[in-house]
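K.L.:
Chains as they are written, first to last, in this note's numbering: chain A, 43 to 154; chain B, 54 to 164.
Hints are computed from structural coordinates only; laboratory data are not their basis.
Think of the CB as a built atom: it goes at the ideal place given N, C-alpha and C, for glycine as much as any other residue.
Don't take every hint at face value.
[Stated by the list, open to error] To spell it out: a stretch of chain B is covered by chain A in this simulated footprint if at least three of its residues, at any positions, have a beta carbon under 8 Å from a beta carbon of chain A; those stretches are:
(1) 94 to 100
(2) 155 to 162
[Claimed, not checked] So, partial list: chain A residues that the calculated Cβ filter (under 8 Å) puts toward chain B:
(3) ARG78
(4) GLY84
(5) LEU85
(6) HIS87
(7) LEU117
(8) ALA120
(9) THR126
(10) ALA127
(11) PHE130
(12) TYR142
(13) PHE144
(14) GLY147
[As the list claims (entries may be wrong)] Far from chain B, some chain A residues (derived; all Cβ distances over 10 Å):
(15) SER66
(16) ARG83
(17) GLY145
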Amino acid sequence: SQQGEEDPQALSIQEGENATMNCSYKTSINNLQWYRQNSGRGLVHLILIRSNEREKHSGRLRVTLDTSKKSSSLLITASRAADTASYFCATDDPSGTYKYIFGTGTRLKVLA
Amino acid sequence: ETGVTQSPTHLIKTRGQQVTLRCSSQSGHNTVSWYQQALGQGPQFIFQYYREEENGRGNFPPRFSGLQFPNYSSELNVNALELDDSALYLCASRGTGGGYTFGSGTRLTVV
Numbered sequence: 043s044q045q046g047e048e049d050p051q052a053l054s055i056q057e058g059e060n061a062t063m064n065c066s067y068k069t070s071i072n073n074l075q076w077y078r079q080n081s082g083r084g085l086v087h088l089i090l091i092r093s094n095e096r097e098k099h100s101g102r103l104r105v106t107l108d109t110s111k112k113s114s115s116l117l118i119t120a121s122r123a124a125d126t127a128s129y130f131c132a133t134d135d136p137s138g139t140y141k142y143i144f145g146t147g148t149r150l151k152v153l154a
Numbered sequence: 054e055t056g057v058t059q060s061p062t063h064l065i066k067t068r069g070q071q072v073t074l075r076c077s078s079q080s081g082h083n084t085v086s087w088y089q090q091a092l093g094q095g096p097q098f099i100f101q102y103y104r105e106e107e108n109g110r111g112n113f114p115p116r117f118s119g120l121q122f123p124n125y126s127s128e129l130n131v132n133a134l135e136l137d138d139s140a141l142y143l144c145a146s147r148g149t150g151g152g153y154t155f156g157s158g159t160r161l162t163v164v
C-alpha cells in the first residue's frame with residue numbers, strides 16, 4: 043500500500059504560472075523527498091527535506107513540510123512546458139528498512 | 054541523465070515464463086533497491102540489497118528474487134509471470150550516506 047497521497051491527481055496550468063502540489067503521509071518520517079518522472083520513465087530526484095526542516099528551496103522549487111499535519115507541498119514557480127511530468131513524494135520507512143514509500147503522484151501539464 | 058543503467062528497456066513475456074532484469078549501478082554504490090510501478094501508480098518497493106545480501110523486502114511473493122554482484126550490477130528475477138506483473142521496474146542505487154539514483158526502468162509486458 044502507498045504511504046502518501048498527492049493532491050491534486052492532475053493539474054493543468056499555463057506556462058509562467060505557479061504549480062502547487064500537496065502530499066500527505068501516514069506515519070512518522072525522517073525525511074521526505076520529491077521526484078519527477080517524465081513519460082513513465084526513470085525518477086529524477088528533486089529535493090529532500092528532513093523532518094526538522096520546515097522549508098527548503100532549490101532553484102524554482104520550494105518545498106514545505108508540516109510534520110504535525112503529516113503533509114508537504116511542492117511549489118514550482120514560473121512553470122515551463124518542460125516541467126510537464128508526474129511528481130511524486132516519497133517518505134522513508136520509519137521501521138528503518140531504508141525503503142522509500144511513494145505516493146500516487148500528481149500529473150502536471152504545463153501549456154505553452 | 055543518471056549513472057544507473059537498466060536493460061532491457063522494453064520486454065514482452067508470456068504468462069508463466071521467467072524473466073531477468075538487469076541493473077548496472079555507479080561504482081561505489083553498495084546499496085541497490087528495486088521498485089515496481091504499475092501504470093498510473095507510484096513505485097512500490099520490492100527489495101533492497103546491500104553488499105550482495107538482501108536487507109529489506111516489500112510485500113512481494115518469493116517468485117520475485119534478486120542478486121547483487123561485486124561489480125555493482127544487480128538482477129531482478131521473476132518466476133511464473135502473471136499478467137499483473139506487467140509494470141515498469143525501476144532500479145535505484147546509492148553509496149554510503151548519499152541519496153538514491155534511479156535508472157530509466159524496464160517496461161515489462163506480460164501477455
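K.L.:
Against this structure, judge whether each hint is valid.
P.N.:
Taking the hints in turn, this is what the structure says about them:
Counting residues of the stretch 94 to 100 of chain B whose C-beta lies closer than 8 Å to any C-beta of chain A gives 5; at least three are required, and the coverage claim holds. For the stretch 155 to 162 of chain B, the proposed coverage by chain A is satisfied: 5 residues have a C-beta within less than 8 Å of a C-beta in that chain, meeting the threshold of three. The criterion of a C-beta within 8 Å of any C-beta in chain B is not met by A:ARG78, whose closest approach is roughly 11 Å, and the hint is violated. A hinted interface residue such as A:GLY84 counts as satisfied when its beta carbon comes closer than 8 Å to some beta carbon of chain B; here the least separation is about 4 Å, so the hint holds.
Among the interface hints, the one on A:LEU85 holds; its C-beta lies about 4 Å from the nearest C-beta in chain B, closer than the 8 Å criterion. Among the interface hints, the one on A:HIS87 holds; its C-beta lies about 6 Å from the nearest C-beta in chain B, closer than the 8 Å criterion. With its C-beta approaching chain B no nearer than about 20 Å, A:LEU117 sits outside the 8 Å limit, and its interface hint is violated. Restraint check, A:ALA120 versus chain B: the minimum CB separation of about 23 Å is more than 8 Å; hint violated.
Using the Cβ-Cβ criterion of 8 Å, the hint placing A:THR126 at the interface with chain B is not satisfied: the shortest such distance is roughly 16 Å. Because the closest C-beta pair between A:ALA127 and chain B is about 13 Å apart, greater than 8 Å, the hint is violated. Annotation: interface hint on A:PHE130 holds; nearest CB of chain B at approximately 5 Å, less than 8 Å. The beta carbon of A:TYR142 comes within 7 Å of a beta carbon in chain B, closer than 8 Å, and the hint placing it at the interface holds.
Among the interface hints, the one on A:PHE144 holds; its C-beta lies about 3 Å from the nearest C-beta in chain B, closer than the 8 Å criterion. The restraint placing A:GLY147 at the interface with chain B holds, with a minimum CB-CB distance near 5 Å, inside the 8 Å limit. No Cβ of chain B comes within 10 Å of the Cβ of A:SER66; the nearest lies about 13 Å off, and the non-interface call holds. Not every C-beta of chain B lies more than 10 Å from that of A:ARG83, the closest at about 5 Å, which undercuts listing it as non-interface.
With a cut of 10 Å on Cβ distances, A:GLY145 falls inside the contact zone with chain B, its closest approach being about 5 Å.
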